[in-house]
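A.B. asks: Each chain, letter by letter, is given below.
2 protein chains.
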Amino acid sequence: MSNEAYALQVSRYPVGQVGADDFELVPVDLPEVADGQVLVRTTWTSVDPGLRLRLRADAPEGYFPAFPLHQPMDGIVTIGVIEESRAEGFPVGATVWHSYGWRTHAVVDAGEVAMNGLASLRVLDVDGIAPQTYLGPMGPMGLTAYAGLHVIGAIDDEPRTIWVSAAAGAVGVLVCQMARQLGHRVVASAGTDEKVRWLLDEIGVDAAFDRHDGPLGESLAQAAPEGIDLYFDAVGGDHLEAALAAMRPFGRIALCGSVGDYEREPAGPRNLFLATSKNLTMRGYRGSSYVDLLDEMQRRVRAWIQDGSVTVKETVYDGLDQAPRALADLMAGRTTGKTLVRVGD
Amino acid sequence: MSNEAYALQVSRYPVGQVGADDFELVPVDLPEVADGQVLVRTTWTSVDPGLRLRLRADAPEGYFPAFPLHQPMDGIVTIGVIEESRAEGFPVGATVWHSYGWRTHAVVDAGEVAMNGLASLRVLDVDGIAPQTYLGPMGPMGLTAYAGLHVIGAIDDEPRTIWVSAAAGAVGVLVCQMARQLGHRVVASAGTDEKVRWLLDEIGVDAAFDRHDGPLGESLAQAAPEGIDLYFDAVGGDHLEAALAAMRPFGRIALCGSVGDYEREPAGPRNLFLATSKNLTMRGYRGSSYVDLLDEMQRRVRAWIQDGSVTVKETVYDGLDQAPRALADLMAGRTTGKTLVRVGD
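Protein chains in written order, with our numbering: chain W, 3 to 347; chain S, 3 to 347.
In case anyone wonders, no lab produced these hints; they're calculated from the structure. Quantities reported herein were computed from a predicted structural model and do not represent experimental measurements. All the pointers check out, no bait thrown in.
Simulated restraints on C-beta separations:
# : chain 1 : residue 1 : chain 2 : residue 2 : range
1 : W       : D111      : S       : E160      : 31 to 37 Å
2 : W       : D159      : S       : E160      : 26 to 32 Å
3 : S       : P217      : W       : G206      : 49 to 55 Å
Here a beta-carbon is modelled for each residue, glycine too, at the ideal position from N, C-alpha and C.
Using the sequences and the hints given, assemble the complete structure.
C.D. replies: Below is the structure:
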C-alpha cells in the first residue's frame, strides 16, 4: 500500500497568485501503524484562504507557521475513512477528521492534539449529513462563522443590521445564514453579480451588492440607509473603512481576516478614529480559539441544515492534484461556498 | 457688568499648528439672568487635545461638531463661581462646572443638558480638593482614564502588563496611576527625557521610555520583554502598530484618540491582521459616553488623591487670552499633566 500514497508539497513560496508550479505531488512511504494509531484514507480535503498565509516565508506572527518546503502539508482539516486501526474507539470503516492535510493517506496518532486545537482525530457522526459537511458548515467554517457572531455579541442579541463581506465565501455565507436564523437583518456583499443574485435568491439575505458596483460607502448606504450595527470583516482595507464609516454608535466588528491583504501590502483603515468617536468595538479572532463553541455550533447547524434553513454550497475539485488550482481559484474569487477537493470515495 | 465679559472665538480654522491669530478675544453682552438660570464667573477652563478636532471645518463624523467661527466656544468644561442665581439648588458663591467654555462669564440654564452629557451645570464638592481638579482627575480626564480601563476590562482584572502611551498627558498620567492602584504593571511612554524621568521618579510607573529613543518596538520589548496584555492608545499610528506587535494573545486595546493624527493625514495600522491572529480586542470609546461611571470614579480618585497615591500634575496658563497658546503648547507636547487656564480667582 505504501507505494500508492501521495502527498502534495510546497516546492516554492508563490509570489502573488498561487500556481500549480508552486507544488509537487510526490509518492510517500507510509509508516507501519503502531499502537494508538490509525491509517486513514483521505476522502475529502479542504482549501481555505488562510492557507495562502502559510505559503509565505514570512507568515505573520501569531498565525500558524509557514508550510515547510518539500514536506507534506500538515494542519489542513481533512476527512477520511479508517482503513486500519490500532486505537480504541476508532474502528475500521469509521469516518473521521484529522489535520494531516493534502495527502491520500495518513497514519494518525489518536492521542495527538492537532496544531489548530480543532481537528484532532475524531469520529464524525455522518448519519443524515454528508461527510464533507464537516469541512464546511459543521467544521472549521461553521466554527469561524459562529465564533465571529459570538465575539461581537450577536448570538443572543436583539435584532440588528449586520453587514457580511465576502458573503459568498465559505464562512461568509454561513455568517449570513446564521445571522438570519438569529433574527438579524443581513446585508451581504460579494465580488460578482452572479454571487449577489445567488445570495438574494437562494440564501435569502435582506440586501446585497457587488463590491465593484461603485464606491462601497454608497452601495452600503443604499443597502442599509440607517447604518449598520455589526460588521463581519473577512476583507479588510477599503471594506473595513466603509464599515467604520457606516457604523452606528456602539457598533461591533468581527475581524476574521483580511483576504484582500494576503497577496499584497496591507493598508490599515485611515478612518480608525471613528472607532473612538462612535464607541466601536473591533474584535479580531480565530475560529480555532473557540473550540469550546464547537458542540453548540454543530448542534444548531445540524438542525438548520436538516430543516432546510441553512443551504450547504460547495465548489468541488476532483483529485488531490487539483488542490493548488482550487486554492488559486478561491483566492481569485472564482469559487462559491466551501471549496473542497474530493480525493477518493 | 455686561461690558466686562469677554469670550474667545475662533476667527479661522488653523492649518497645522494652532496659533494665537486663529482666535479673537471679544467683549460680549451677557443676557439678563432669567428664571432657572445662574450667572457664573469663570475661574478655570480647560485645554484638551480633543479641541483641536473641533478646530477643523471637517470635524470627524460622530465627534462633536466644529466650533463655529466668530461665536463663543461652547462645549468645553469650565469651573466657576455663581455670582447671581435664579435657580434652586444653585446658591450664590457655590463652585460649579458647566460647558460654556472659553469665556469670563456665562449665563447658564440649570436644566440644560451639556453637549457632552457630562458637564451640565453641577455644584462641586470642593471640600479638601482644589476646584480645578474637577477639570482633571475628578472630571473629564479622570472619567476618560477610568472608562478606558473599564472598556478593556482592567478594573477588576487580575494583574496585567499595560502600556500607556502619551503617559505624561492629562489622561495618560491618570491611567498610569489608576492602573498601578488597580494592581497592574505599568509601562509608560512619553515624548521627552524629562517626562520619562518624572514618570519613573514621581508617578512611580514600573518602566518608561522616550518614544524618540529608537524604534518603538525595541523600546517596548526592553520595557516589557514578555509582551503586553493591555494598551492604552492616545496616539495611534506607529504607537498602535507597536502595540499590535507586542500584544500577547487575547490582549485588549483602548482607543482613546489619536493625537498624532489630529494635525496630519491619519494612517491606519498596517499590521491589523495581528488582531485576528492573536485574538485581540480593540475598543474605541469616549469618556463622555460613560457618565454612569462618574460617581464611582470620583469616589475612588478623591480617596487616591487624598491619601497621596494619585499625584495631581497641572500646567497652568494665566489669563483667558493665553488659552490658544496653551492649546498650541499642549499639541506640541510642551505641557505635562492637565493643561489649565486660570481665568480668575
